[in-house]
Amino acid sequence: MYKWDFTPVLANADLLAAGLVNTLKITGTSLACGLVLGLALALLRLSKHRWASWPAGFVIEVFRTTPPLVQLFWFFFALPLIVGIEMTPFMAAVVTFSIQSAAFFAEVFRAGIVSIERGQWDGARAIGMTHGQALRRIVLPQAVKRMIPAFMERTIELMKTTTLVATIAYADLLYAANEISQKTFRPLETFTVVALIYFVVITAFSLVARRLERRMAISGESTVH
Amino acid sequence: MHRWDFASVLANTDALLVGAIGTLHIFAICLVLGLGLGLVVGLGRYAQSRWLYWPATAFVEFFRNTPVLVQILWFYFALPILLPFSVSPLAAASLGISLNSAAFSAEIYRGGIQSIERGQWDGARALGMNWRQAMRRIILPQALKRMMPALTNRAIEIFKMSTLASAVAYVELLQQGKLIASLNFNPIEAYTAVAVIFFVFLWPLVQFTYVLERRLARDE
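For the record, the sequence lines run as chains L and R.
Quick note: the first sequence uses the numbering used here, first residue 1, plus one each step.
Quick note: the second sequence uses the numbering used here, first residue 226, plus one each step.
Mixed in with the good hints, there may be bad ones.
Far from chain L by the CB rule (all over 12 Å, computed), these chain R residues [as the list claims (entries may be wrong)]:
#1 A253
#2 L258
#3 G344
#4 M354
#5 I364
Which stretches of chain R does chain L cover? Using the computed rule of at least three CB atoms under 8 Å from a CB of chain L, they are [said to hold, decoys possible]:
#6 267–279
#7 434–440
It is worth saying that the hints were derived from the structure and are not from the lab.
From a predicted model like this one, the values you see are computed outputs, not experimental measurements.
We treat Cβ as the ideally placed atom computed from N, Cα and C, and that holds for glycine.
Bound-form chain R, shown alone (with noise of 0.2 Å):
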């Protein structure tokens, strides 16, 4: 029977600090630019011109039908080809996992403003506002009301996410628990303390939308 002992990884403490830091730099990164560039393309997946239309359903189609990992892959081992300089891991993860959230927020976005109803817009330009107003004034709060549970998923998934950019070496929470378990060869402590410590900034966010699913349901 295997004898649990967490002092080899409570020495460590200060490792996992340097990558909790590390996973909430990248997690920060991602989403604001998941999020922020998801808007972009969710608003021409909802254009009527052909020219916004297509690029932005291209883009959807094409990083939501493949794996995350392969993007980051792609980026750090594949572009450098292509640029007269390399790319670093933490660039390398954070485009794969920044494009990949903005494919999945850029429908939320969409989904959330075509749920508006057509006298939303018509209100709106009655009294004199033009589409780019409509949109940022009457449109967009309430269809954000709508889409906060969906975002918070989202949220969710690119912190999720962030234990991907391991496989390129950039310095994070589980990095640093392989770190830890190959130089004190406690993989069991080591992994399971990562596990938990990741469990603890997660579940009160999971709750959160919960509560968030709730109080939509009570109110539409």
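The following block holds chain L by itself, in its conformation from the complex (with noise of 0.2 Å):
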């Protein structure tokens, strides 16, 4: 029967806390810049002109229909040479994954934009707003109200998605695993506790995610995803 030992893994809580904050950090990188370029993508696919809403279109869906990984790889490998700019594993995976989620994010904030009735923009109008300003201070505040569980959603999934910088040798907490089950020969409870700690985080981003929902069930609006 194996004999379970943490302890050399506990040794080694510095590496897993900074493993820790590097994963949260390119999360947290990641989301703002997806936010930004998705809300951008969104406003460009919704353009009544061709030749803006169908680039858009067309990365929206090269990036939702390649695996992640691959992009991962094509950012970090083969982007550098046609630019010339050497590219470290943060970089590179922030691009990708800001790009990637920006896609996910942009089919959200279009179903959340289009789901606001006429109306509103209508009624701001007619008080002598332009286009920008009735988005702006009309539509898309209600909008995103709409929008904050399948924003969540994706959010975890971006989180869970940043284990692939691991394969570059970028030090988040899966990285870190790695490590630490090579220097004490302890995979099993080196694994075990990396899978606890993701667990953990994941999960209580999750019960706060539903915590808000209902938040916003209660309010009496309607959600879109």
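With the hints as a guide, dock the two chains, each given alone in a separate frame, to form the complex.
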């Protein structure tokens, strides 16, 4: 019978902590960039001009239908050779995950904006707002409220996807697991502990998301997915 | 400016073909195991008995709330410590992806079954069917129709997840792309080719889910 021993793993708690911080750093940066870029993509996609809506639609489709790991490898190994700049694993990961989540966020933004009744636009125009003002002051604030559950779900997916950076040797939590397991010869305990850390962080986040969602439901808002 | 040259990739078509077969192989395993086991777990989540409900719920929560790559590496590096035999890359990756997909599809099945009106159950019972007959003949066929878009989406996710098997050196498309890139020093063309192949496989599937979604929205 195998004797479990967690002490060698716990002795490397500093590596795990540093890994977790890096995981959160990549998640946070990609989330922020992804939201901004996603809104831009959604607005382009909704544009009446074909030369704006088609390229946006193409980017969204490509990033939704190719595997994230293939995208990451492309941005890490191929792009630097094309544009002639050095890419750190962190940069490649942030670029990949930002565009990738932007493609998903764009569809959420689009569904949210489309779900706002025509009358809200008309009312805003009637009191003299431009298209941009109506979007910013009237439509988006209402739409964003409906989109919150979908954003939360996507953010959780993003955090799970960031584990892929371990394959290009960025020191995230999963990479720390690899390192500790090789150092201590305790893969069973190491990977179990790391799986539990992910479980706790992601569960905590999804509990917060569920509470927010329930509050939205109580305030009588419909949501989009 | 980089001069694109796909000749070095085309010279390795056979390697890519081997990779494509590997990808389809693991996709088929995980599709059947993931969606099949998902139905069992989904029924457990729907069950009245606590002995079925709690284990199913724990399974779903655990596999949904941990990254699939962590699961694959756990099965590859950690599980063999507890077993008297080693775990192959294919087995580890299939286990991780299948169990992860089972957890996600369980929620699809549960939602689909719950969406069927109470009256359908009552009608089936009135005709003298027992629970199992009612589920198999009346409820599931109707629920499956509603779940089709979500299940097809899951299939697409499984296809994309299959690339993670390359992390444990299972021979699939991305792994072959890596090999070609390192042998020919052509990462631009090699990885672009792999991305294009995935797009060609998946784009029709994605369009198919759009059709299913529209058809369902029209019928309901």
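A quick look at each hint next to the structure:
{"no.": "1", "hint": "A253", "result": "holds (17 Å)"}
{"no.": "2", "hint": "L258", "result": "holds (19 Å)"}
{"no.": "3", "hint": "G344", "result": "holds (26 Å)"}
{"no.": "4", "hint": "M354", "result": "holds (34 Å)"}
{"no.": "5", "hint": "I364", "result": "holds (24 Å)"}
{"no.": "6", "hint": "267–279", "result": "violated (count 0)"}
{"no.": "7", "hint": "434–440", "result": "violated (count 0)"}
In this structure, the hints that do not hold are numbers 6, 7, in rising order.
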